[in-house]
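Chains as they are written, first to last, in full-length UniProt numbering: chain A, 1 to 462; chain Z, 1 to 462.
In case anyone wonders, no lab produced these hints; they're calculated from the structure.
Fair warning: there could be bad hints in the mix.
The list that follows gives simulated cross-link-like pairs (lysine-lysine, DSS-like), each with its CA atoms no further than 27 Å apart [unchecked claim]:
id: 1; chain 1: A; residue 1: Lys113; chain 2: A; residue 2: Lys86
id: 2; chain 1: Z; residue 1: Lys427; chain 2: A; residue 2: Lys275
id: 3; chain 1: Z; residue 1: Lys275; chain 2: Z; residue 2: Lys239
id: 4; chain 1: Z; residue 1: Lys191; chain 2: A; residue 2: Lys61
id: 5; chain 1: A; residue 1: Lys169; chain 2: Z; residue 2: Lys427
id: 6; chain 1: Z; residue 1: Lys150; chain 2: A; residue 2: Lys191
id: 7; chain 1: Z; residue 1: Lys169; chain 2: A; residue 2: Lys191
id: 8; chain 1: A; residue 1: Lys151; chain 2: Z; residue 2: Lys191
id: 9; chain 1: Z; residue 1: Lys132; chain 2: Z; residue 2: Lys239
id: 10; chain 1: A; residue 1: Lys132; chain 2: A; residue 2: Lys183
There are 2 protein chains.
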Amino acid sequence: MEEKSYDQRRERLLELVRSKRLKALQLELEEMNEFDIAEFITELGEEDSLKMATVFRLLSKEHGAEVFAELDAPEQQEIINSITDKELGEIVEDMYVDDAVDMMEELPANIVKRVMRAATPETRALINQYLKYPENSAGSIMTAEFVDLKKYMNVRESIARIRRIGDDKETIYVCYVTSADRKLEGVVTVKDLLLSDDDAVIEDIMDRNVIFCRTTDDRSEAAERISDYDLLAVPVVDKEDRLVGIVTVDDVIDVLEEEATEDFDLMAGISPSDKPYSRTGVVEMWKRRIPWLMFLMLSATFTSMIITHFEDALSRFAVLTGFVPMLMGTGGNSGSQSSTAVIRSLSIGDTEPRDILSVVWKEIRVAVLCGITLACVNFIKMLLVDRILLSNPDVTVMVAFTVSLTIVFVVIFAKSVGCILPMIAEKIGIDPAVMASPLISTITDAVSLLIYFTLATIILRI
Amino acid sequence: MEEKSYDQRRERLLELVRSKRLKALQLELEEMNEFDIAEFITELGEEDSLKMATVFRLLSKEHGAEVFAELDAPEQQEIINSITDKELGEIVEDMYVDDAVDMMEELPANIVKRVMRAATPETRALINQYLKYPENSAGSIMTAEFVDLKKYMNVRESIARIRRIGDDKETIYVCYVTSADRKLEGVVTVKDLLLSDDDAVIEDIMDRNVIFCRTTDDRSEAAERISDYDLLAVPVVDKEDRLVGIVTVDDVIDVLEEEATEDFDLMAGISPSDKPYSRTGVVEMWKRRIPWLMFLMLSATFTSMIITHFEDALSRFAVLTGFVPMLMGTGGNSGSQSSTAVIRSLSIGDTEPRDILSVVWKEIRVAVLCGITLACVNFIKMLLVDRILLSNPDVTVMVAFTVSLTIVFVVIFAKSVGCILPMIAEKIGIDPAVMASPLISTITDAVSLLIYFTLATIILRI
Numbered sequence: 001m002e003e004k005s006y007d008q009r010r011e012r013l014l015e016l017v018r019s020k021r022l023k024a025l026q027l028e029l030e031e032m033n034e035f036d037i038a039e040f041i042t043e044l045g046e047e048d049s050l051k052m053a054t055v056f057r058l059l060s061k062e063h064g065a066e067v068f069a070e071l072d073a074p075e076q077q078e079i080i081n082s083i084t085d086k087e088l089g090e091i092v093e094d095m096y097v098d099d100a101v102d103m104m105e106e107l108p109a110n111i112v113k114r115v116m117r118a119a120t121p122e123t124r125a126l127i128n129q130y131l132k133y134p135e136n137s138a139g140s141i142m143t144a145e146f147v148d149l150k151k152y153m154n155v156r157e158s159i160a161r162i163r164r165i166g167d168d169k170e171t172i173y174v175c176y177v178t179s180a181d182r183k184l185e186g187v188v189t190v191k192d193l194l195l196s197d198d199d200a201v202i203e204d205i206m207d208r209n210v211i212f213c214r215t216t217d218d219r220s221e222a223a224e225r226i227s228d229y230d231l232l233a234v235p236v237v238d239k240e241d242r243l244v245g246i247v248t249v250d251d252v253i254d255v256l257e258e259e260a261t262e263d264f265d266l267m268a269g270i271s272p273s274d275k276p277y278s279r280t281g282v283v284e285m286w287k288r289r290i291p292w293l294m295f296l297m298l299s300a301t302f303t304s305m306i307i308t309h310f311e312d313a314l315s316r317f318a319v320l321t322g323f324v325p326m327l328m329g330t331g332g333n334s335g336s337q338s339s340t341a342v343i344r345s346l347s348i349g350d351t352e353p354r355d356i357l358s359v360v361w362k363e364i365r366v367a368v369l370c371g372i373t374l375a376c377v378n379f380i381k382m383l384l385v386d387r388i389l390l391s392n393p394d395v396t397v398m399v400a401f402t403v404s405l406t407i408v409f410v411v412i413f414a415k416s417v418g419c420i421l422p423m424i425a426e427k428i429g430i431d432p433a434v435m436a437s438p439l440i441s442t443i444t445d446a447v448s449l450l451i452y453f454t455l456a457t458i459i460l461r462i
Numbered sequence: 001m002e003e004k005s006y007d008q009r010r011e012r013l014l015e016l017v018r019s020k021r022l023k024a025l026q027l028e029l030e031e032m033n034e035f036d037i038a039e040f041i042t043e044l045g046e047e048d049s050l051k052m053a054t055v056f057r058l059l060s061k062e063h064g065a066e067v068f069a070e071l072d073a074p075e076q077q078e079i080i081n082s083i084t085d086k087e088l089g090e091i092v093e094d095m096y097v098d099d100a101v102d103m104m105e106e107l108p109a110n111i112v113k114r115v116m117r118a119a120t121p122e123t124r125a126l127i128n129q130y131l132k133y134p135e136n137s138a139g140s141i142m143t144a145e146f147v148d149l150k151k152y153m154n155v156r157e158s159i160a161r162i163r164r165i166g167d168d169k170e171t172i173y174v175c176y177v178t179s180a181d182r183k184l185e186g187v188v189t190v191k192d193l194l195l196s197d198d199d200a201v202i203e204d205i206m207d208r209n210v211i212f213c214r215t216t217d218d219r220s221e222a223a224e225r226i227s228d229y230d231l232l233a234v235p236v237v238d239k240e241d242r243l244v245g246i247v248t249v250d251d252v253i254d255v256l257e258e259e260a261t262e263d264f265d266l267m268a269g270i271s272p273s274d275k276p277y278s279r280t281g282v283v284e285m286w287k288r289r290i291p292w293l294m295f296l297m298l299s300a301t302f303t304s305m306i307i308t309h310f311e312d313a314l315s316r317f318a319v320l321t322g323f324v325p326m327l328m329g330t331g332g333n334s335g336s337q338s339s340t341a342v343i344r345s346l347s348i349g350d351t352e353p354r355d356i357l358s359v360v361w362k363e364i365r366v367a368v369l370c371g372i373t374l375a376c377v378n379f380i381k382m383l384l385v386d387r388i389l390l391s392n393p394d395v396t397v398m399v400a401f402t403v404s405l406t407i408v409f410v411v412i413f414a415k416s417v418g419c420i421l422p423m424i425a426e427k428i429g430i431d432p433a434v435m436a437s438p439l440i441s442t443i444t445d446a447v448s449l450l451i452y453f454t455l456a457t458i459i460l461r462i
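Please put together the full structure from these sequences, using the hints given.
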C-alpha cells in the first residue's frame with residue numbers, strides 16, 4: 001500500500017514544475033489518479049495557464065482524456081486553446097460520450113465548433129444525438145458505452161464478448177440483453193456470469209424484471225432507481241422501448257449532490273445553477289440572489305401597512321413594539337423548521353403529496369406543544385427579566401399574557417403554512433423547495449402582526 | 001422486458017392477500033425485488049401487522065433476509081416478534097453483517113438480545129466487533145464481506161477464487177490484495193482480471209496506489225473518496241494498516257443523503273436524527289425543534305432592549321417603526337443566502353476554510369451590489385407607494401433616504417456575518433450548518449436595529 005495523499009505530494013510536484021524537471025514529473029504523474037491530477041492542473045492554472053498546458057501534454061493519451069473529463073470548463077477551454085487539432089481529436093475520441101457532452105454544454109460556441117471539427121464523424125453524430133435530450137433528463141446524462149448480450153449466448157461466449165469489447169465501456173459489470181430490434185429483454189451481471197456454469201444460456205440466468213427509465217425522465221428518477229434498488233447502473237430506453245444508453249452509479253452520485261445543492265439554493269432564495277460557489281463570479285451571484293431579495297423586500301410593504309394602521313394604538317402602548325421582532329422571529333423559525341422538514345421528506349421520497357392530511361395533523365400537534373412551551377417560558381421571562389430585572393413597569397401581567405398568547409397562535413399558524421405550502425407545490429408540480437423559509441417568513445410576518453394587534457385590542461383594550 | 005412497476009402491482013397483491021390466495025401471492029413475490037416487497041410489507045403493516053408476518057413467511061430464505069434488511073426498525077421488530085428463533089437465526093445468518101449491525105442499532109434492547117441469541121457464534125462475534133466502532137465512523141458502515149487475493153496468484157486462480165467465495169460477498173468487482181499479515185497491498189478489479197491474460201500474475205496487474213480510509217474516519221470521508229474517485233468501494237484499514245472491511249457505493253449513497261438531510265435539519269434549527277420525517281413521533285419532533293426555538297426566542301430579548309431604548313425617539317417618529325420588519329427581513333434573507341451558499345460549498349468540498357479571505361471579499365462585493373440595488377428600488381418605492389399612493393405624509397424624502405441607506409449597511413453586514421461564521425465553524429471543527437439562517441437572522445436583527453436607529457439619529461436628528 002503506497003497511498004500518498006495529494007496534499008503530501010503537492011509541494012514536490014510544484015517543485016518539479018518550477019525546476020522544469022519534466023521527466024521526473026511525468027513519472028510521478030503516471031502513478032497518480034485522474035482526480036488528483038485534475039486538481040493539481042487547476043491549481044497550476046491559477047498562477048500560470050501556460051504551465052497548465054505543459055503539464056497536461058506530459059500525460060499519456062488515455063490518461064489525458066480521463067484527466068480532461070475531470071477538469072472544469074475554464075481549464076478545459078484553456079487547454080483546448082493551447083493544443084493542436086490532432087491532439088484535441090485524440091482526447092475527444094478517448095472520452096466517454098457523456099463526459100464529452102457535459103463538456104460541450106459548458107464551453108463557448110466557438111470552442112465547441114473546434115471540438116466538433118476535431119472529432120470523428122461517428123463521435124460527432126453521437127454527441128449531437130445526446131445534445132438533443134432535454135436538460136437534466138436521463139437521456140442527457142446517460143452513456144452509450146455499455147455491454148449488450150443476446151439471450152441465446154452462453155456464459156463462455158458472453159465472457160469472451162466482454163473481454164473483446166469491455167475495454168472502453170463505462171461499466172462491464174452489468175450487461176443488458178437485447179432483442180434483434182434492440183429492445184431491452186433482461187439484465188445479467190458479471191457476478192451472475194462468474195457464478196454460473198460456462199455452458200449456461202443467458203436466457204436462463206438473466207433477470208427479466210429490469211428496473212429501467214426513459215430518456216425523457218428527469219435525471220433524478222434515474223438517481224432514485226439506482227439509490228432505491230442499490231444498482232450499479234440503470235438502463236435508459238427510448239419511446240420505442242429500445243435500449244439507447246445507461247446511467248451509472250458514479251454519475252448518479254453527482255446528480256444527487258447537484259439536486260441537493262439546488263434545493264439548498266432554492267430554500268435560501270437563490271436561483272439555482274450548476275456552477276459551484278468557487279467558480280461563480282460576483283455579478284452572476286448578484287443576478288442569482290437579487291430577484292428574491294427584491295420580491296421579499298417589496299412584499300414587506302404589507303407589514304409596514306399593518307403597523308401604520310395600528311400606529312395610534314402603538315404610540316399609546318409603546319411597550320408592545322419591543323416584542324414585534326421576537327414574535328416575527330419565532331414565527332419565521334417555527335415555519336422554516338416545518339417547511340424544511342417537509343421539503344426534505346418530499347425530496348427523498350419519504351412523504352408523498354397524498355399524505356398531506358396526516359402531515360398537517362402532525363405539524364399542528366407539534367406546533368401546539370412548541371407554542372405552549374414557548375409561551376410559558378416567555379411569560380415567566382417577561383415578568384422576571386423585562387419587568388423586574390430590566391425594571392420596565394410597562395410590562396404588566398396582561399401585556400405578558402398578550403405576547404405569550406400571540407406566540408401560541410403564531411407558532412401554530414407558521415407551522416401549518418410551513419407544511420401546507422410545500423405539499424401543495426409538489427402536488428401541482430412546482431419544486432417544493434421554492435416554498436421555503438423566505439416566502440413563509442414573509443407570510444408569517446404579516447399574519448403575526450395581525451394576530452398580535454388583534455389580541456392586544458381584545459385583551460388590553462387599546 | 002417485463003418490468004411491472006410496483007404501483008401497478010399493488011392492487012393485485014392486496015387483492016391476493018385479502019382473498020388469502022397465498023400460492024399465487026408467493027409466485028408473484030418471487031418475481032419482485034426486495035425493495036418493492038419491503039414497501040408492500042410496510043404498507044400491509046399499517047392496517048394489520050399479522051398480515052405482514054404472513055406475507056413475510058412466504059418468501060424464500062435468501063429473499064427473506066434481503067427484504068428484512070430493507071425494512072425499517074418497527075416492521076423488523078414486528079416480524080421478529082412473530083417468527084421462531086430458528087427462522088430468526090436463518091435470517092440473521094443470511095444478512096450482510098453491516099445490515100445486521102444497522103438493524104441492531106435501531107432495535108430495543110430485549111429484541112437485540114433475542115437476535116444475538118439466534119445468531120451463530122461467528123456472526124455474533126462479527127456483529128459485536130462492528131458495534132464497537134464510533135457512530136457515523138467508516139468502521140460502523142463497512143462490511144467484512146469482500147474478496148481478498150494474494151499477489152502471487154494468477155488471473156485464472158483469482159477468478160476461480162471469486163467463483164468459489166463470491167456468492168455471499170457484497171461486491172466481487174473490486175478485489176483487494178493483502179499480505180500474509182492482512183496488510184492492504186493493492187487493488188484489482190474484475191475488469192482488470194477479465195481484460196488480462198489468464199496467466200498474468202496479480203502483482204503485475206494490481207494498482208498499488210490504493211485509495212483507502214480508516215475505521216475511525218468519519219463515514220463522510222469514505223463517501224467523499226468514493227464520490228471523488230468514482231469508485232465502487234473503498235477499503236477500510238485499522239490502526240495497524242490491516243484491511244478489515246470495505247464500504248460500497250450503495251452504502252455511500254445512503255450516507256450522502258443522510259448527511260444532506262442532517263445539514264437541512266441543522267440549518268433550520270432542528271436537532272438532526274437518522275429517522276425519516278414520516279417515522280418521527282410528535283413528542284420526538286417537539287424535542288428536536290424546541291431547543292433552538294427557545295434559544296432564539298430568548299435571545300430576541302436584545303432586540304426588545306434596543307427598541308425600548310429608542311422608545312421615545314420612535315414615539316416622535318412613529319413612521320420609522322413601520323419599516324423595522326422589512327429591514328430585519330431583508331437582513332435575514334441576505335445573510336441566509338450567504339450562509340447557505342458557503343455551508344453547501346464547504347460540505348461538498350468546493351471551498352476550504354483557508355479560502356476565508358477570498359470568500360469574504362467576494363461576499364462583500366456581492367453585498368454592495370445587492371445593497372445598492374435594493375436601496376434604490378426601496379427609495380423610489382417609498383416615495384411612490386408609501387408617500388403618494390398610500391398618501392402617508394410622514395414618509396418624507398429624508399425618511400426614505402434613511403431607510404434606504406440602512407438597507408445598504410444591513411445587507412453588507414448580514415452577508416459578511418453569513419459567510420464568516422460558517423467558515424470559522426468549519427475551521428474550529430464545528431459543523432458549519434449550525435451557523436445557519438436562524439442564528440444569523442438573530443444577530444442581524446439586533447444589528448439592523450442599531451444601524452437603523454443610529455442613522456436615523458444622525459440624518460433625522462431624532
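Going through the hints against the structure:
no., hint, in the structure
1, Lys113/A / Lys86/A, "14 Å, holds"
2, Lys427/Z / Lys275/A, "24 Å, holds"
3, Lys275/Z / Lys239/Z, "31 Å, violated"
4, Lys191/Z / Lys61/A, "20 Å, holds"
5, Lys169/A / Lys427/Z, "42 Å, violated"
6, Lys150/Z / Lys191/A, "20 Å, holds"
7, Lys169/Z / Lys191/A, "10 Å, holds"
8, Lys151/A / Lys191/Z, "22 Å, holds"
9, Lys132/Z / Lys239/Z, "14 Å, holds"
10, Lys132/A / Lys183/A, "21 Å, holds"
The structure fails hints 3, 5 (numbered hints given earlier, in ascending order).
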